[in-house]
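Q: Here are the chains, one letter per residue:
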Amino acid sequence: MSSSIKVARYHLVYPFLLVLAPWAVLALVFVINLIPTVIQGGPNPTKALASIFAFMAFAGVLTIIRSLPFALALGASRRSFYLGTVTLVVALAVVYGLAIAGLQALERATGGWGVSMYFFQPQYILTGAWYLTWLTSFVCLVLLFLYGTWFGLVQQRWDTIGLIVFVFGQVVVALVAIFIIGGNHDWHGVGHFFTTITAAGLTGLLAAFAAALCAGGFALIRGVTV
Amino acid sequence: MTPAISLTGVSRRYRDQLALDGIDLVIDGPSITGLLGRNGAGKTTLLRIIAAHEFASAGRIAVLGADPVENDAVLARIAFVREDQAFPQFRVRHALEAASSFFPNWDAELAGELAADFELPMNRWVSKLSRGMRSALSVVIGLAARAEVTLFDEPYAGLDAVARGVFYDRLLADYAEHPRVVMLSSHLIDEVSGLLERVVMLDRGRIVLDAAADEVRGAFTRVSGAAEAVEEFVAGRAVLERRRIASQEAAVVAGGLDDGDRPWAQELRVSLEPLSLQQVLIHTSAHAGRQRKEGTSA
Chain A
1 MSSSIKVARY HLVYPFLLVL APWAVLALVF VINLIPTVIQ GGPNPTKALA
51 SIFAFMAFAG VLTIIRSLPF ALALGASRRS FYLGTVTLVV ALAVVYGLAI
101 AGLQALERAT GGWGVSMYFF QPQYILTGAW YLTWLTSFVC LVLLFLYGTW
151 FGLVQQRWDT IGLIVFVFGQ VVVALVAIFI IGGNHDWHGV GHFFTTITAA
201 GLTGLLAAFA AALCAGGFAL IRGVTV
Chain B
227 MTPAISLTGV SRRYRDQLAL DGIDLVIDGP SITGLLGRNG AGKTTLLRII
277 AAHEFASAGR IAVLGADPVE NDAVLARIAF VREDQAFPQF RVRHALEAAS
327 SFFPNWDAEL AGELAADFEL PMNRWVSKLS RGMRSALSVV IGLAARAEVT
377 LFDEPYAGLD AVARGVFYDR LLADYAEHPR VVMLSSHLID EVSGLLERVV
427 MLDRGRIVLD AAADEVRGAF TRVSGAAEAV EEFVAGRAVL ERRRIASQEA
477 AVVAGGLDDG DRPWAQELRV SLEPLSLQQV LIHTSAHAGR QRKEGTSA
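Sequences listed follow chains A and B, in order. The numbers in this note's numbering rise by one with no breaks, and the one at position 176 of the first sequence is 176. If you count the second sequence from 1, you need to add 226 to reach this note's numbering.
Just so you know, the hints here were simulated from the structure itself, not pulled from any lab data. Because the structure is a prediction, the values reported are computed rather than measured. Where a beta carbon is used, it is the ideal one built from N, C-alpha and C, also for glycine. All clues given are correct.
Facing chain A, according to a computed beta carbon distance under 8 Å, are these residues of chain B, among others: (1) Glu296; (2) Ile304; (3) Pro314.
Chain A residues, not near chain B, derived (Cβ > 10 Å throughout): (4) Val29; (5) Asn33; (6) Lys47; (7) Ala57; (8) Gly128; (9) Leu163; (10) Ala174; (11) Gly182; (12) Leu206.
Per the computed footprint, the stretches of chain B lying under chain A, defined by three or more beta-carbons under 8 Å from a beta-carbon of chain A, are: (13) 278-291; (14) 315-324; (15) 327-338.
Make a model of the complete structure from these sequences and hints.
A: This is the structure:
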């Protein structure tokens, strides 16, 4: 058995972080949104589906902080850990994307669970055909997980100071982007881009970003010490 | 024969601090080696580098004939048990199950016996274990892994005397049946001294002593008695330390004693006492410190 497969199995020995917790969080958030909708009546278009994507980022952080050190103590290499982890998350995200697409179809079929609550149909994104919902969900789940691993990797490699620089760097990049766009009066163009791009096109952009994060994470983990 | 562990000129620098300074060390085959030294001597850094958890700044490392860094074939044959091991959200049984899938020589029966010996609750979350219980879990994994190279870094943190006794007994028993390379860093030097076949002492990142444990035990002797008699006895020997109170003196001499030394000591009415490993460490560290000072002031 290859070391990467051992790592994937290692994550599933007790699949709390990557399997149980994301869906438990989503179920809890669903109920929290459902109760007021039932009491006050719909329609209630909610964006709370974001909770599962946000949790995947959190899972990415914990995977590096908590799971990596023990895996290395058991004789996994950093490369095997990364490849095994990413492969598992990609496989899980395929299934999770299908589940989200299925739940969305069910939501549509039941008129928003009978109370006009649109939990799995957030506005702007995930509004197309089922396969686009699946593809976009899949890409976003992987992307957010990889983004989370970056926080863990930076923390492990450069400690808290590195983490502060990493966060501050992203804020600076965002501010510079806002400054440039504002200076050129280009907000209309940005709005036009996001309102005209197709779901498949946006998913492609996010996939490219995920691929870049994945490649960068692979390079980062090779220098991590525990 | 390819050495199990071979380090050549290994150094590790953290900014302005040199944690390891030109370490040369070869461990050929099965043995239990004690890695001894004061806090900050570099013991943990050295073990982490051998296990590829840390990178050397300079030098060459070979474990089982190859560089262990990112080498799955070598890493699968190394078990590294460390004092501050972090665990995922696992129960005890999950940690053992995970370990069983990584180590090719894993002995599940031994793991079960050890867990019972240490009274480890299999269903308890690792995060809820006491420090001692967590150390016991690490020890169980380190022993049951039966890895060809097993590294224990202060493995008994928080373990009580009974549990430490279980660890020492089990280590010796399993080593006798399945000889392998074991490196054990420890502060409880006299407690582990009976286990050790070889002693490597570190001081400020350098090896200051590397010898068979039996040689070290007989290599230093405390000579005490009337000052004049002690001076007469130690004349011409390498004296590491002298302490004089009024007319009494105690001196530590290096080098073994010969057959004529004991009758002569009796005649002079001086007592001879071999130094324990812990005392050897104290004197060796002090000696290294004095040499550093002399080197700095020269």
